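Visitor: Sequence:
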Amino acid sequence: MTEISEQRTPAIEIEGVWKIFGDRHLEAMAAIENDGITKQQVLEQYDCVIGVADVDLQIERGEIFCIMGLSGSGKSTLVRHINRLLEPTKGRIMVNGNDVLAFSEDELRRYRNTHIAMVFQNFALVPHRSVLDNIAMPLEIRKVPKNKRRSIAEKILDMVELTGWGNKFAHELSGGMQQRVGLARALAVDAEILLMDEPFSALDPLIRRQLQDEFMQLASVLKRTTVFITHDLDEAVRIGNRIAIMRDGRIVQIGTPEEIVLNPADEYVADFVSGISRLKVVRAHAIMQSIGLFEKTHGPLPEGLACFDHNAHLGELIHKAIASDQPLLIVGDDGQKIGIVTREDLLKTVIEGAETS
263 MTEISEQRTP AIEIEGVWKI FGDRHLEAMA AIENDGITKQ QVLEQYDCVI
313 GVADVDLQIE RGEIFCIMGL SGSGKSTLVR HINRLLEPTK GRIMVNGNDV
363 LAFSEDELRR YRNTHIAMVF QNFALVPHRS VLDNIAMPLE IRKVPKNKRR
413 SIAEKILDMV ELTGWGNKFA HELSGGMQQR VGLARALAVD AEILLMDEPF
463 SALDPLIRRQ LQDEFMQLAS VLKRTTVFIT HDLDEAVRIG NRIAIMRDGR
513 IVQIGTPEEI VLNPADEYVA DFVSGISRLK VVRAHAIMQS IGLFEKTHGP
563 LPEGLACFDH NAHLGELIHK AIASDQPLLI VGDDGQKIGI VTREDLLKTV
613 IEGAETS
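Note that the sequence shown covers residues 263 to 619 in the working numbering.
Calculated directly from the structure, the hints in this document are not laboratory data. Take every hint as true, because none was put in to throw you off.
Label pairs and their computed distance ranges (CB to CB):
#, residue 1, residue 2, range
1, S463, K430, 21 to 31 Å
2, S413, S586, 53 to 63 Å
3, L609, D297, 50 to 60 Å
4, I469, S586, 35 to 45 Å
Since we're looking at a predicted model, the values are computed, not measured. Heads up, the beta-carbon is just placed ideally off N, CA and C, and yes, glycines get one too.
Take the sequences, apply the hints, and build the full model.
Guide: So, in structure tokens, the structure goes:
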């Protein structure tokens, strides 16, 4: 397995991936390519089901990439190709510059043990092992000495805020605590890539939100490339740097939360985002106009304008606009002036959001 050090290489590249379930999947694939038959025709003529259909995507190093869709959309099926729990019917999968489909059995085993980790919805803890032993299991499989793996497990336990719970068993922990142990076990591997399959969906809303916050804090420190599956757009918007929305095995749209909410690709995506409040999603840089355009219409910038970072949320801007009719000056990371947001800009964004509700 070749190690790729070039940082510009995407962490994950998926090209033209198809997954067709059924004994006649190769015949069905040929008919799709040659005759363009539909998903329903594949089922009727070949008794096969299309799980993933011609998916292309790139996931950058260190980003949290959310894949979302309704049940049966293909999101879990797609992600299970990344660690080759499923073999594609057709397509190419590259991880850190390596062709995953070309791995031998030994290379695949090493890849799963050292380069990739998975967090499941159902926690998947071993009931007769303590919390520490559950966390250390992947290290035990790698034959890491007992004292070293225990030391690593204790350190990870602190990271997920379970200090003092190492000698407890799964049945003594709440659901949220058990999911923290599942996350800790994945982190103990020190893998470059985390696959998270609806990890918080079985939890109560309050605990779920708390774990989302904790995960985002961890992600900002550890900078693991994360593929996060969810059926909840609110969760995807909170967590994801980018979001892919799937339907019937295909990716309908990929974009940042802002791009998805402001510019849905079709009615299906628009319906998805209709219930999302724009106040915490849309940021200043998405709605600002250039200073040149503003001055062309309104003349030179007034003095003493309130300044906002380009990542300021729509809600913050509206709050300020209520108190003053002056435009808002937007600045970049370096503090330089990069744009203007007017009351008209804010009103247009809010009205357009209300019209899609």
